[in-house]
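The numbering of the sequence shown is my numbering, which starts it at 51 and goes up by one.
I should point out that these hints are in silico values taken from the structure, not numbers from a laboratory.
Just so it is clear, the structure is predicted and the values come from calculations on it, not from any experiment.
Careful, some of the hints might be misleading.
[Claimed, not checked] In the EDC-like style, the derived pairs of lysine to aspartate or glutamate whose C-alpha atoms are separated by at most 20 Å in a straight line are:
id : residue 1 : residue 2
1  : Lys304    : Glu271
2  : Lys301    : Glu271
3  : Lys232    : Glu271
4  : Lys342    : Glu93
5  : Lys298    : Glu260
6  : Lys166    : Asp222
[Stated by the list, open to error] Taking CB as the label site, the calculated pair distances span:
id : residue 1 : residue 2 : range
7  : Asp331    : Arg225    : 43 to 51 Å
8  : Arg229    : Ala347    : 35 to 43 Å
9  : Asp116    : Arg162    : 20 to 28 Å
10 : Gly132    : Cys203    : 15 to 23 Å
11 : Ala226    : Glu93     : 44 to 52 Å
12 : Pro330    : Lys252    : 28 to 36 Å
Backbone N, C-alpha and C fix where the C-beta goes; we use that ideal spot for every residue, glycine too.
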Amino acid sequence: MRRLRLGLVLPAVLLCAFSVAPAANAGVTIGIADQKTDFLHDERFTELGIRHARISVPYDVLQDTDTLPAVDQWLLDAKADGISPLVTFDRSRRPGRKSVTPSPAELARSLRGFRKRWPFIREFSTWNEGNINKNAKIVAKQWLALRKACPSCTILGVDLVDHKNIARWAQDFVRAAGRTPKYWGLHNYVDVNQFTTKETKKLLRAVKGEFWLTETGGVVERRNKSSVRFAGTGAQHAAKATAFLFDKLAKVSKRIRRVYLYHWNSHPDALSWDSGFIGPDGSIRPALDVLKARLKARR
51 MRRLRLGLVL
61 PAVLLCAFSV
71 APAANAGVTI
81 GIADQKTDFL
91 HDERFTELGI
101 RHARISVPYD
111 VLQDTDTLPA
121 VDQWLLDAKA
131 DGISPLVTFD
141 RSRRPGRKSV
151 TPSPAELARS
161 LRGFRKRWPF
171 IREFSTWNEG
181 NINKNAKIVA
191 KQWLALRKAC
201 PSCTILGVDL
211 VDHKNIARWA
221 QDFVRAAGRT
231 PKYWGLHNYV
241 DVNQFTTKET
251 KKLLRAVKGE
261 FWLTETGGVV
271 ERRNKSSVRF
281 AGTGAQHAAK
291 ATAFLFDKLA
301 KVSKRIRRVY
311 LYHWNSHPDA
321 LSWDSGFIGP
331 DGSIRPALDV
341 LKARLKARR
């Protein structure tokens, strides 16, 4: 989901229903996707034992003096806490450059710069939500350039969002690349919050490879003017959607190997999107109980 910024109590019957539901696929790795460093220092997060996290960064962040300090802190704090980072490249945030698409060579230079500054990072995704406004052929060439720049790294072909063009766009990517990525990223908020598996299955049928749900989760509130309607919003809806994600959607294929839940805590200024496990006032939301139950069932 695009962004600029780096407790409720359920009735006992509902809480019980969430807690005793079937466990998540034991083979799925669970992570958190969040731009902020808050979650890394929250005891409620550290006690979960999650060891993977994802951050989306401007591809030219090394030249972005405004954004670089926050990314530095996020990555170094994650490393210190034993969290393995997944970095997704996104558009520039420097003034006058927000619509710039880097050439494959430019993106490859960015990757080499990342590896020089943060050599512990070994997992990257070529581009954030590429099927929204990027040409599949261009992103395919970027992916090939990144693979060449770091053969030992894990490079996801792209992070896709579950819009209607998802299957065709992914197939166009494969044709342009001349090969299929071993790994894809997927943001399937629509399926999760409409309690369906339609778009996720469509993508699974369209292309081969392993899938990481690099952003997903139950939405509490959104004001992003999207024409796509969810089955509902609110804290209880988000808890039910989180349960559906683990108990149904993540199980539709063994090719779904990771789930990164976006995001840990909502910020008071983040008015367009809120899918946090922790409210802006610091309160715990019901979805966190769902997550705890699924993690416990896997042990």
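- [ ] Sort out whether Glu271 lies within 20 Å of Lys301, counting only the CA atoms.
- [x] violated, 26 Å
TODO: Below or equal to 20 Å on CA atoms is what counts here, so check Lys298 against Glu260.
DONE: holds, 18 Å
Task: Gly132 paired with Cys203, Cβ distance criterion 15 to 23 Å - done: Between Gly132 and Cys203, where Cβ atoms are some 20 Å apart, the hint holds.
Task: Cβ distance range 28 to 36 Å for Pro330 and Lys252, holds or violated - done: Once the Cβ atoms are compared, 35 Å apart, the range 28 to 36 Å for Lys252 and Pro330 holds.
Open item on the list: Given the hinted pair Lys232 and Glu271, is their Cα-Cα distance within 20 Å?
Closed with: Violated, at roughly 34 Å.
TODO: With 43 to 51 Å as the target window, see if Asp331 and Arg225 comply at their CB atoms.
DONE: Since Asp331 and Arg225 have Cβ atoms about 49 Å apart, the given range 43 to 51 Å holds.
Open item on the list: Between the beta carbons of Asp116 and Arg162, is the distance compatible with 20 to 28 Å?
Closed with: holds, 22 Å
Open item on the list: Between the alpha carbons of Lys166 and Asp222, is the straight-line distance 20 Å or under?
Closed with: Roughly 32 Å between the alpha carbons, so the hint for Lys166 and Asp222 is violated.
TODO: Mind checking the alpha carbons of Lys342 and Glu93 for me, to see if they're no more than 20 Å apart?
DONE: Measuring from Cα to Cα gives roughly 13 Å; hence the hint holds.
Open item on the list: Taking the Cβ atom of Arg229 and the Cβ atom of Ala347, is their distance within the range 35 to 43 Å?
Closed with: Since the Cβ atoms of Arg229 and Ala347 sit about 37 Å apart, the hinted range of 35 to 43 Å holds.
Open item on the list: If I claimed the Cβ atoms of Ala226 and Glu93 lie 44 to 52 Å apart, would that claim hold in this structure?
Closed with: With a Cβ separation near 46 Å, Ala226 and Glu93 satisfy 44 to 52 Å, so the hint holds.
Open item on the list: Just to be careful, I want the Cα atoms of Lys304 and Glu271 compared with a cutoff of 20 Å; is the pair within it?
Closed with: violated, 31 Å
Hint violations for this structure: numbers 1, 2, 3, 6, all remaining hints satisfied.
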